[in-house]
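J.: If you want the building blocks of each chain, they are given just below.
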Amino acid sequence: MSAAAPAILVRDLRKAYGSFEAVRGIDFEVAAGEVFGLLGPNGAGKTSTVEILEGYRSRDSGIVSVLGHDPEQRSRDLRRRIGIVLQSTGMYRHLTVREALEHWARFYPHPRDVDEVVELAGLGEKQDALTRTLSGGQMRRLDFGLALIGDPELIFLDEPTTGFDPAARRAAWDVVRSLQDLGKTVLLTTHYLDEAQALCDRVAIVKQGRIVAEGPPAELGASSSRYRVTWRSADTDELETRETEDPTALLHQLTSAALARGEALRDLSVTRPSLEDVYLELTAAPEEAPAHV
Amino acid sequence: MSESLTLAWHQFRLERRMFWRNPSAAFFNFLLPLLFLALFGAIFSGNQDDLDVIVPGIAGMSIMATTFNALGMNLTFLREQGVLKRMRGTPLPEGSYLLGVFGNAVANATIQLAIVVVAGKVFFNIDWPKDWLELVVYLAAGVTCLAALGVAWSHVIPNFDAAPAYTNIVFLPVIFISGVFYDVGNAPQFLRDIAQALPLTHIIDGLSGALVSGRGLADNASGLIVVALWAVVGIFFAVRGFRWESRREG
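Chains as they are written, first to last, in this note's numbering: chain B, 1 to 293; chain W, 294 to 543.
The following block holds chain B by itself, in its conformation from the complex:
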């Protein structure tokens, strides 16, 4: 495998459960060392996609390559090189944090040092606590620790911060950033925009089993050609908003009118749509026909 080969390659991936098509032709690539996000509402097909890549599910059709392996074969070599944080998963209740990490370390040929992982996961004070006494946030940190103990090249994070309070989320984000600093490849799913924006090098927005937009979070917002111009009308004293592909003419009109009146143009702003605008626009449910006519 050459250095340029992508860590993950997905081509026309499809998966149906009965008559429900969860994944309807997804394509993407994740480069080594990249943090890639699948962003979308619940039920968009993110988890199905990730669980196919993790080797938990079989696909109906399409090409999937993870570190050069077909995950469906479930080779041990592949499982030694990946770390998985599942969306929600339990743990043996009668083990301490340290015992769990020590046991997991035995599964891997070149595990990281347990102390180091305890530190990295921020579990120093809890290392001798039984897992059943951990809070949700602490349990999530143990999930991270167990996924990292084998020193994997590629880490899957399925909705790593769902249900967290803000402090716990920030702590989890710090862990992801430290993974990035270590040069790990990360594939994460989330339905939080700020999370995708804060962590991901590139994001794919998933809706109803398809990718509807893809790119770096900053460019995704900018990819829209429209600008939004807002100002306070001199006549009505209300905020006016107009969207335009080229704001030059509009701005010229507005400024020259204001100059002619000898007034300031109040509350003027020119903005590009944020990732949030793009996301909401792309994932909005199709408008339903009115029930009564």
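Check the hints yourself; a few may be wrong.
Chain W side only, calculated, beta carbon under 8 angstroms to chain B, not exhaustive [as the list claims (entries may be wrong)]:
1) LEU300
2) SER338
3) GLY375
4) ARG379
5) GLY382
6) THR383
Calculated from the model, a selection of chain B residues having no Cβ within reach of chain W, i.e. all distances over 12 angstroms [stated by the list, open to error]:
7) ARG11
8) ALA31
9) ARG93
10) LEU182
11) LEU250
12) THR255
To be clear, the hints were calculated from the coordinates, so they are not data collected in a lab.
Quick reminder that beta carbons are idealized off the backbone N, C-alpha and C, glycines included.
Since the structure of chain B is already known, use the hints to place chain W on it.
T.: Quick look at chain W alone, frame taken from chain B:
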């Protein structure tokens, strides 16, 4: 191969450690056969014939409780909690995991059998085992057969809330029909016919031969074949239907 066995050993050690971490559960687990022995010992006190039936009967029941019941319930619990799914995402070979879990059940069955044998000697005037080889053969055949059936049955149990009911609907009739509490020979014909088809009947027969009657392995060969057939069926369905996660909702 040796690495898989090493990992199975580590998994076994982990299972043992977790078992003892729950001391009250471990205590009651081991208390149960003693309690049954004490109750039936009191009922049958003075009647050595009945005591000769109840001691190997309770020994067989203990083997079933520590393998079939325990694995059916535990695997359902671990599956529903997502622990099995988590394990499946690691490089731990599936076989190593199951071997470790099986070893744990064997250890518990052995401890309970030892408790019953000692109690039989101390309280019920039943001498030390007459045929150690036969005892070991039936312990091995019994745990293999009933553990495999327990794993297979865990696939049938839909969720943990239902696990006790699903376990008892098998366990209770089987221990009655198989003659844990009475001599199967005294039961009506149709129950005797059913009993002959059940593995526990023959496990108890073998334990009775080893502990009480001195009837050897050769005389119980047909019984061992029935146990082996059930074991094959159990292993087939245990492996074939193994589910690492609970079914998708909806």
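J.: It remains to establish, for every hint, whether it holds in the given structure.
T.: Status of each hint after checking the structure:
A least Cβ separation of about 7 angstroms between LEU300/W and chain B falls short of the 8 angstroms threshold, and the interface hint therefore holds. A hinted interface residue such as SER338/W counts as satisfied when its beta carbon comes closer than 8 angstroms to some beta carbon of chain B; here the least separation is about 39 angstroms, so the hint is violated. With a cut of 8 angstroms, the hint placing GLY375/W at the interface with chain B holds, because the nearest CB-to-CB distance is about 4 angstroms. The closest approach between the C-beta of ARG379/W and any C-beta of chain B is roughly 5 angstroms, which is under the 8 angstroms cut-off, so the hint is satisfied.
The restraint placing GLY382/W at the interface with chain B holds, with a minimum CB-CB distance near 4 angstroms, inside the 8 angstroms limit. At a threshold of 8 angstroms, the smallest CB-CB gap from THR383/W to chain B is about 5 angstroms, leaving the interface hint in force. Distance to chain W confirms ARG11/B as a non-interface residue, since its nearest Cβ pair spans about 24 angstroms, more than 12 angstroms. Every CB of chain W lies more than 12 angstroms from the CB of ALA31/B, the least distance being 23 angstroms, so the non-interface label holds.
Chain W draws ARG93/B into its interface by the beta-carbon criterion, the shortest separation being 8 angstroms against a cut-off of 12 angstroms. With a minimum CB-CB distance of about 20 angstroms to chain W, LEU182/B clears the 12 angstroms threshold, and the non-interface call stands. Distance check on LEU250/B: its Cβ is at least 50 angstroms (rounded) from any Cβ of chain W, clearing the 12 angstroms threshold; non-interface status holds. No Cβ of chain W comes within 12 angstroms of the Cβ of THR255/B; the nearest lies about 57 angstroms off, and the non-interface call holds.
Hint check: violations occur at hints 2 and 9; the rest are consistent with the structure.
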